[in-house]
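**Q** The residues making up each chain are set out below.
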Amino acid sequence: MELQKAEVTALLHRWSAGEQAALDRLVPIVYSELRRLAEAYLRLEAGRHLLQPTALVHELYLKLVDQERAQWRDREQFFGIAAKMMRRILVDHARKALAGKRGARAEHLTIDEALELPAPNRSLLAVDEALTRFADIDPERARIVELRYFGGLELQEIADLLEVSRTTVKRHWTVARMWLHRELEDQFRGPRTLE
Amino acid sequence: MDPARWNEISRLAAAAADTGGAEREALLAAHPELRAEVESLLTFLDEGSGPLDAPLPLAAEPADPGRRIGPYEILRELGRGGMGVVYLARRSGAGFEQTVALKLAQAAFQSEFFLRRFLDERQILARLEHPNIARLLDGGVTTDGAPYLVIQYVEGVPLDAWCHSRGASLNERLALFLKICAAVEYAHEHLVVHRDLKPANILVTPAGEPMLLDFGTARLIEDTAPSGTTRTAAPMLTLRYASPEQVRGLAGATRSDVYSLGVILYELLTGCWPYPLGSDGLPAQLRAIAEADPITPSRAQTSLARRRELRGDLDSILLKALDKDPARRYGAAAQFADDLRRALRREPVLARPLTWRYRAGRFLLRHRWAATAAALVLLTLSGATAYSLRQARIADRERIKAEQVAMFVERLMGASRSGQVSPLARRGRDLKVVELVDEAGRTVGDEFKDRPEVEAGLRSTIASTYLAMGLRAEAAPHVEQAVRLAESVYGPNHPATARAWNARGRLRLASGEYEGAVNDFRAAARVLESVRSPDLPFAQSLLGEALYRTADLAGARQQIEASLAGMRQQFGENHVATSTLINNLAVITDDLGDFAASERYFGEAANVLRAQPGPPGNLVYPLVGLQRFHLFRGEYAQAKALCEEAHRVTLAAGGPNHPNTAVALTVLALVKAHLGESDAEPLARQAVAIQRAAYPAGHIEISRALTFLGRVLLKTGDARGAESVLREALDIARKVFPKPNWRPAESQAFLAAALAAQGRAAEAAPLFDSAAAEMAEVLPATHPRLAELRSLR
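Top to bottom, those sequences are chains D and X.
Following this note's numbering, the numbering of the first sequence begins with 3 at its first residue and continues without gaps.
Following this note's numbering, the numbering of the second sequence begins with 10 at its first residue and continues without gaps.
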């Protein structure tokens, strides 16, 4: 574990320093570890606790990164990767939960199907799909939503990661949030599919 | 949607969201084509119950009140962090009922590492029994194997909120703060460093008593905010109270806690953070903590009345607590508190920054080198302590060792807490570093008779300090002792042994035993690399230097490049400490014939030094190195700009008579001679005059200045004048470098050119040929100096 820590920390340094190849090695490690951690929680049965991605991502950070050696920049970069991975894992999980119910492999859900899911999974899939559409027209703001919603990052942390001011992030977030909520409301209003 | 149209819509929507009423209406009215779209977005402006307004949950079930853990019944969740959850719990028994906080480790995180931390916390807390520290009551393991701690439940309000809501007076705030200091001091006496002191970790009870929470647990369970406030902020980013050394990634020691206490008091008294913030970004915060001077509290943004109360003693006390240099802060929370009490009683306080600055200034003026060495001693000693404190997290034994070292140093420095002043300290500013180190060397053997591991570390430090002062004979016995002790206590694979080897390598390097030095540094580097020690770059840099001395240029380059990468990783791209390494690399690559690398390195070294405040006079070296490449390529305008920059910098840093100024003048004169400018010769002569005054007769720098003067005279057509100064230059250089070397060879080649220019070809030819042969012997075939030589012919 300590070896892995040292490796991840070193990869983060190298990636922060502009070495793209380091990212190629970093992503699989973060993904598999995050997945392992997340599944430990997702398997939990009723009667257990609510856990938020923030806690999970922070836990992963503690687990994978050597705090003594990491610099703030590494930390932000790490959270950036983790948010993306987190989204992928959660969406996969929710899709599987749904597939278990209906034995289907369809990519998109009908509203009825979505309503069969527990509430968190439902909004998660809906947000994910709306966000994917939003990324087509506004990738920059979509990234901010990903970092905040799926990665649990604070506005200030996002600002540091993207090297813009907190005010800028806040404004982007406000606009993205309005767009997504309008989109989500449209989806749930009529008997249409989530496409 | 069309991205261009969305771009306009989103911009208008953002602007409209920022305003309201008539202003918003005006904005929308100005863009009728976008209005409908933006308005439909704005109906979703209010935050509320949308899916994005709530944090994303992974599992949907609520906590489980009523669950029992050991004899405790869970009432509700208080907060949670990365590794665990904190519950409010109750224990009922015959005739008693106790409400407690219960920290439960998450089952998923029961790694060995984590369990060790959890047990550490238990041990730390078990040691602390203080009315103002939340106490450990119990601990155990659940039926499914998760460990938990039971801690006194504190009902209270965070310190800052409490003061704010009551509108507490200055004296009330100070009284509260003094109690906090006493609790921190108590913990320090029990060898516990908090490392995460902040108002959120200090609750004030309804009775008005401050209670410290999360002692030694900051890194364990991070977020214990009351539930109800959804906190997604990363606690690790709470940097407001972190000390400069913590920001640099060092483990916090007691003086870090003193610093955090300083920030807490500063905020309590002024209502603001001690540093000016240009932007609110995290990097700016980090930089402010590491570098910025705190705003004098009485000048902070606060009421006039409060400013009057702060002016004077409280200003001085806070600034002392917030000193960037831990050694200049209060040594203990108790000293901080004592000074505050003195201020309250209107007695003279210890903190007097003006007096201190005055004294320090005087000291620096009188003992420039000694002050540098003193800083070095403190650096090495505090470095040793920081290292040991890192270990301290693993074992108490090590923590005690670190504290012992710290106390030993404090005793030497006379900063004992009993208030007694040691004979050494009484000498005050007349105390020489060497005396301090002598004293340490005399007493260390007795002090640590039965602690060989402590003695080994201190002997390494003492030896390094002597070596830094050039006292090889004094260093030698300590080096031997350090190596012997470290090898027997730690064996060959421990960083402490590496430190001792490093010291021996430095002794050997200074004594000219280069091969031995290479072996020592190589062995040290191997160990430091295997433990990923932050000291590795320093060992690599020394190894590089030793290899350079053994003429292994390629090996030297490799080590110094590795060192540079490590230093950059630790200290950042533009840290001044990297400039010497880069400059050395420029010289080595030049020797190796890799001129592209050499030019690049000179450029990087120049940029690092340019970024320093000042900038420092030694910027002249990379600039001179750099201009040479332009000169060789005939790019005179660029060369001249660099030379002028060098001249400006050296004038500002060292004045008109500084040797660095002379170095700048030599190259400036030469490039001006190439450009046919008339003041080339006077500038070159001025350089020679400066060097003759600065150095003893026969010094190589005088030879260098004379060579440049000769070259200038050759360019301006005064071949006879050139001949005479070049003869003197050659004479000096031959004495300094009796073996083949490019310096005398170069002077000789220019002398030959001066003779040829006077039509004395027969005299010139043999001089030129032997110079060319000498240069070819010591320089790579592609070296520009050789090309220049050929062009002379």
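By construction, these hints were calculated from the structure, which means they are not laboratory data.
Virtual Cβ for every residue (Gly too), placed ideally from N, Cα, C.
One thing to keep in mind: the hints can contain errors.
Said to hold, decoys possible - A partial selection of chain D residues facing chain X, derived with a Cβ cut-off under 8 Å:
(1) H15
(2) P30
(3) S34
(4) Q79
(5) R90
(6) A137
(7) I139
(8) R173
Stated by the list, open to error - So the derived label-pair ranges between C-beta atoms look like this:
(9) D:G20 x X:R296: 43 to 53 Å
(10) X:H173 x D:S167: 50 to 60 Å
(11) X:E32 x D:T134: 43 to 53 Å
(12) D:S167 x X:T28: 42 to 52 Å
(13) D:S167 x X:Y704: 31 to 41 Å
(14) D:R135 x X:E32: 24 to 34 Å
(15) X:R317 x D:S167: 48 to 58 Å
(16) D:S167 x X:E17: 40 to 50 Å
(17) D:G20 x X:D11: 30 to 40 Å
**Q** Run the structure past the numbered hints and jot down the numbers of the failing ones, going up.
**A** Numbers 2, 3, 4, 5, 6, 9, 10, 11, 12, 13, 15 and 16, in rising order.
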